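Please put together the full structure from these sequences, using the hints given.
Residue numbers (numbering that gives the first Met the number 0), protein chains in the order written: chain A, 0 to 482; chain B, 0 to 306.
I should point out that these hints are in silico values taken from the structure, not numbers from a laboratory.
Mixed in with the good hints there might be a few duds.
Claimed, not checked - Cβ-Cβ distance ranges computed for the label pairs, FRET-style: (1) LEU192(B) x PRO198(A): 31 to 37 Å; (2) THR261(B) x GLY175(A): 55 to 61 Å; (3) LEU277(A) x GLU151(B): 29 to 35 Å; (4) SER450(A) x LEU192(B): 57 to 63 Å.
All figures in this text were calculated on a predicted structure; none of them were measured in a lab.
Just so it is clear, CB atoms sit at the ideal spot from N, CA and C, and this is done for glycine as well.
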Amino acid sequence: MTEHLIDPIPWLIVLPLAWAAATFLLGPRRGARLAIAGLGGQLLLALLLAAQLLTEGAQLHAVGGWDAPLGIELVADGLSVVMLLLTQSVTLSLAIYARAYFAQTGQGAAAIWFWPLTGFLLAGMNALLLSADLFNLYVTLELVSLAAVALVAAGGGRAQVTAALHYLLVSLAASGTYLVGVALIYGVYGSVSIATLTPLVQASTSPAIWLAAGLMALGLMAKSALFPFHFWLPPAHGGAPAPVSALLSALVVKAAFYLVLRLTLTVFAPLAEAGADLLGLLGAVAILWGSWQALRATHLKTLVAWSTVAQLGYLFLIFPLLAPDGLALQAGTMQAVAHGLAKAAMFTAVGVLVLSTGRDTLDGLAGVAGRVPLTLFAFALSGVTLMGLPPSGGFLAKWLLIDAALRQGKWGWAALVIIGGLLAAAYVFRVLRQAFLLAPETVRFHSVPRSLEWVAFGLAVASILLGLRGMELIRLLGIEFAP
Amino acid sequence: MSLIFDTLLVATLLWSAWRSLATSDLVHAVVMFIVFGLLMSLAWARLGAPDIALAEAAIGAGLTGALLLDALRVSNQTAQPGSLAKIPALQRMAVLLISTVLAIGLIIAVLYAPLPSIQLPSMVEANMAQSGVTHTVTAVLLNFRGYDTLLEVAVLLLALLGMLAVAPARPVSVSHVPIDPVLATLARLLVPLMILTACYLLWAGDHRPGGAFQAAAVLAAAGVLLHLAGLLQAWIRPGQLLRLGLSAGFVLFLSLAAILLTEGALLRYPPVWAGALILLIEAGLTLSLSLILAGLFLLLSGRRGVP
Numbered sequence: 000m001t002e003h004l005i006d007p008i009p010w011l012i013v014l015p016l017a018w019a020a021a022t023f024l025l026g027p028r029r030g031a032r033l034a035i036a037g038l039g040g041q042l043l044l045a046l047l048l049a050a051q052l053l054t055e056g057a058q059l060h061a062v063g064g065w066d067a068p069l070g071i072e073l074v075a076d077g078l079s080v081v082m083l084l085l086t087q088s089v090t091l092s093l094a095i096y097a098r099a100y101f102a103q104t105g106q107g108a109a110a111i112w113f114w115p116l117t118g119f120l121l122a123g124m125n126a127l128l129l130s131a132d133l134f135n136l137y138v139t140l141e142l143v144s145l146a147a148v149a150l151v152a153a154g155g156g157r158a159q160v161t162a163a164l165h166y167l168l169v170s171l172a173a174s175g176t177y178l179v180g181v182a183l184i185y186g187v188y189g190s191v192s193i194a195t196l197t198p199l200v201q202a203s204t205s206p207a208i209w210l211a212a213g214l215m216a217l218g219l220m221a222k223s224a225l226f227p228f229h230f231w232l233p234p235a236h237g238g239a240p241a242p243v244s245a246l247l248s249a250l251v252v253k254a255a256f257y258l259v260l261r262l263t264l265t266v267f268a269p270l271a272e273a274g275a276d277l278l279g280l281l282g283a284v285a286i287l288w289g290s291w292q293a294l295r296a297t298h299l300k301t302l303v304a305w306s307t308v309a310q311l312g313y314l315f316l317i318f319p320l321l322a323p324d325g326l327a328l329q330a331g332t333m334q335a336v337a338h339g340l341a342k343a344a345m346f347t348a349v350g351v352l353v354l355s356t357g358r359d360t361l362d363g364l365a366g367v368a369g370r371v372p373l374t375l376f377a378f379a380l381s382g383v384t385l386m387g388l389p390p391s392g393g394f395l396a397k398w399l400l401i402d403a404a405l406r407q408g409k410w411g412w413a414a415l416v417i418i419g420g421l422l423a424a425a426y427v428f429r430v431l432r433q434a435f436l437l438a439p440e441t442v443r444f445h446s447v448p449r450s451l452e453w454v455a456f457g458l459a460v461a462s463i464l465l466g467l468r469g470m471e472l473i474r475l476l477g478i479e480f481a482p
Numbered sequence: 000m001s002l003i004f005d006t007l008l009v010a011t012l013l014w015s016a017w018r019s020l021a022t023s024d025l026v027h028a029v030v031m032f033i034v035f036g037l038l039m040s041l042a043w044a045r046l047g048a049p050d051i052a053l054a055e056a057a058i059g060a061g062l063t064g065a066l067l068l069d070a071l072r073v074s075n076q077t078a079q080p081g082s083l084a085k086i087p088a089l090q091r092m093a094v095l096l097i098s099t100v101l102a103i104g105l106i107i108a109v110l111y112a113p114l115p116s117i118q119l120p121s122m123v124e125a126n127m128a129q130s131g132v133t134h135t136v137t138a139v140l141l142n143f144r145g146y147d148t149l150l151e152v153a154v155l156l157l158a159l160l161g162m163l164a165v166a167p168a169r170p171v172s173v174s175h176v177p178i179d180p181v182l183a184t185l186a187r188l189l190v191p192l193m194i195l196t197a198c199y200l201l202w203a204g205d206h207r208p209g210g211a212f213q214a215a216a217v218l219a220a221a222g223v224l225l226h227l228a229g230l231l232q233a234w235i236r237p238g239q240l241l242r243l244g245l246s247a248g249f250v251l252f253l254s255l256a257a258i259l260l261t262e263g264a265l266l267r268y269p270p271v272w273a274g275a276l277i278l279l280i281e282a283g284l285t286l287s288l289s290l291i292l293a294g295l296f297l298l299l300s301g302r303r304g305v306p
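Structure, rendered in structure tokens:
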């Protein structure tokens, strides 16, 4: 084992936990600067980890010095590190945005415990992306879900708390089915370590493993809001304050998808083929249904939330296409990163639009083109990524997906990707068209801090530039863990 | 003899679960839920898991029951007396069908499960000498899988934080609970005994069932009892000192985990110090977890009557 001055794997989990506790100790509404400093440190740690991977290959950290199966192992391979980089960079941008946003909106009740909740959320995300232990993953899922629910509910009115409560109930039931699956696996194989289990399941499958895989997949599908479990998402993501919606839509739902992908590639690899077509089919329905609802939405944030339902569908399209050539895996990861950046940009932009017009309706948008042009440009750029036009990251993702489908002669999936792109174009242009209408004389606009506009713009530009620098990420993604 | 007892236990367990679900009277449902929790704790004891039995009785039945009863009282004050809306027959059938299929699936899976090829208990036994404690459950919770526990403590702190975020304190005067003389005398007698029990459980965790979670649950119950007897005011908001108390155990645990990185891995105890460090962590956790668990009740109670 090579000695490093600092081991980024444990620090990526310790650091957010530390600033979460510290901002709680500081008291209500305090700790923004500490959180931003902590997130900056986390981004550096993630970059350091990426550099280590590129020079030395995948990294392992046995917590407590106990190897699996007795202890818990943390593993950083290409897939983990790409997701870690996305998580730290999006959250750092959103933290800067949230600080200005809450200052502008008069420090409402939502801001009281925003920073410690975000800290615990991030600790849970990082721990989830690094864990190689099925039970430990359950604990990280709990951390992520509870923090996400609290962020949705915080300081909200009746509608928002109801949405959060639905989210909580779905999430708890989903955690429950996941945990039953883990218990079954432990009962049959005697271990919860992914590295230990993978060859054991490869060697022999029993009825229990099928039931366990089904239950765990069901729970994770509900947590990632895959059709038909999407019903909790639009009210929860559409009702929360803009920085929270961005955090949840860009990152939190992807955590559950990441776990489905991780388990499909490891423990459940021998069973994966049986469920792959179903996952792909549900993804297809999600794309069509989510886009259709986004086309009908009358409220801006609801429209963007339905767009998340549709865009998550693409992630699940990769399962029927997973093959040794790795194209579908690259497509899925690229889509997760591109959508993460673009959706964070879109929700932050919408946050600015709502602050500027004082309304959340599509009709109220008339005239914003002249008032907050930079924000509208950010919205359009993130829309370009969602549609999948070159040179955006979304284009690269869809290109890879279509390539994977055509190589296997599966034309249907390729056609669906193109139809989904057209539908995305339709709902994005609905917003843009309204924004360029002339405002009635009576409408008054509020001034919005420039920093909010620049964060939205920066995220949107990143989602476009990703398409140009995508090959670096794909190279990183290729680094697998070999025990 | 034990077969008759076990059969009876399983039957009453199922019966109490069914009664709790099927009744339309909320009070009855809550009472049956508490009964279910107590029976469940007996079942854990019969399965040879006294640590889980203790936790189930204290948290699953005790604290959750108290919270549910308190919620009922609040909803009775603000809304119509609690009774459940009738669930449509079609939904009932669907739930019943799903549950039955799942139950049959679980039974088949367990019946046909081969014996595991990996025996973790024997690995635990083999490494007990390095763990710093002699009770295997404590060795797993605080040493071999201490990282899980660290994150679980974060989950508990987060749960309280989430509750505070959803229901921020409003400047309302807390209605003073009238002191019930019988309950107050009982509380004055019981609370010192409960504190003693908690200290014993904390100390016992090193070599027999017990430990921080169980000790904290008993201390939290003492706090709830004092409040119900009118001897302890509800908490309005977590001030500086209370926040320190709520997070001290977690911060201590996290700091030690990070400091032990100098040993080469997160939370890697040097075998010589393992016992002392685990006791230190457990003492910190007992304090903070008891405040968190009591806080779930006392902070919510401070919000009574808020529309």
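Going through the hints against the structure:
Taking 31 to 37 Å as the suggested C-beta distance range, the pair LEU192(B) and PRO198(A) does not conform, at roughly 53 Å. The hinted window of 55 to 61 Å between THR261(B) and GLY175(A) is violated, with their beta carbons roughly 39 Å apart. For LEU277(A) and GLU151(B), the Cβ-Cβ distance of about 33 Å falls inside the hinted range of 29 to 35 Å, so the restraint holds. At roughly 58 Å, the beta carbons of SER450(A) and LEU192(B) sit within the given window of 57 to 63 Å.
The structure shown violates the earlier hints numbered 1 and 2.
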